[in-house]
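Sequences are here, hints too, so could you generate the full structure?
Counting in UniProt numbering, the sequence shown runs from 1 upward without gaps.
Please note that a few of the clues may not be correct.
Taking CB as the label site, the calculated pair distances span [as the list claims (entries may be wrong)]:
(1) P39 x V128: 18 to 26 Å
(2) Y146 x S118: 34 to 42 Å
(3) A155 x W116: 42 to 50 Å
To be clear, the hints were calculated from the coordinates, so they are not data collected in a lab.
Virtual Cβ for every residue (Gly too), placed ideally from N, Cα, C.
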Amino acid sequence: MKSDRPLLTVRGLVFSALFGALMSVMSLATIRIGVSPVPITLENMAVMLAGAVLGAFYGFFSIFMVVFLLALGLPLLHLNGGLGLLLGPTGGFIWMFPVSALLIGWFVGKIKGNGWASYVAVFLVIEVFGSLLLYLSGVPWFAHKYNVPLSNALAMSCFPYLPGDVVKAIAVTLIVMPIRRVFPRLR
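Shown next, in the form of structure tokens:
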């Protein structure tokens, strides 16, 4: 069945740009910790929000455009950009951001209702795809770039960040659930 709706709408493009800008701004909040060269940032929180609020298509589009513009050299994350950032130690995390937004948007879009069970389901989707999924590509790439065993890479680029990721996922869930009631998803 063919839809008469255009693939891209002005509204969708504007919101995609806004969430891309939000990701860039949230990446400026950086805390360095001593055990790892990977900083604590809020950029993955922006990825979670983009997917959960915009839906799969526009969530992916907004974050993909940031990554694409990074590859072209625009300083959009931590005031850095270019292939050096995408191929650096944190590149594996950055590559997965668009996929994360896509999967969050798709699965959150399937969750109906506003009760406590919906809150739990949205939290689990956001935690699994907005945090844990990023480690699937980020940790092995980090291990490769630093030439360390996977166990060391986990200790340096995963384990210290898990508690903060849970807090971010809770915060995003508490932001997204009320928004879902009043903000129609861009599909």
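Here's how the hints hold up against the structure:
1. P39 x V128: 18 to 26 Å: holds (23 Å)
2. Y146 x S118: 34 to 42 Å: holds (40 Å)
3. A155 x W116: 42 to 50 Å: violated (35 Å)
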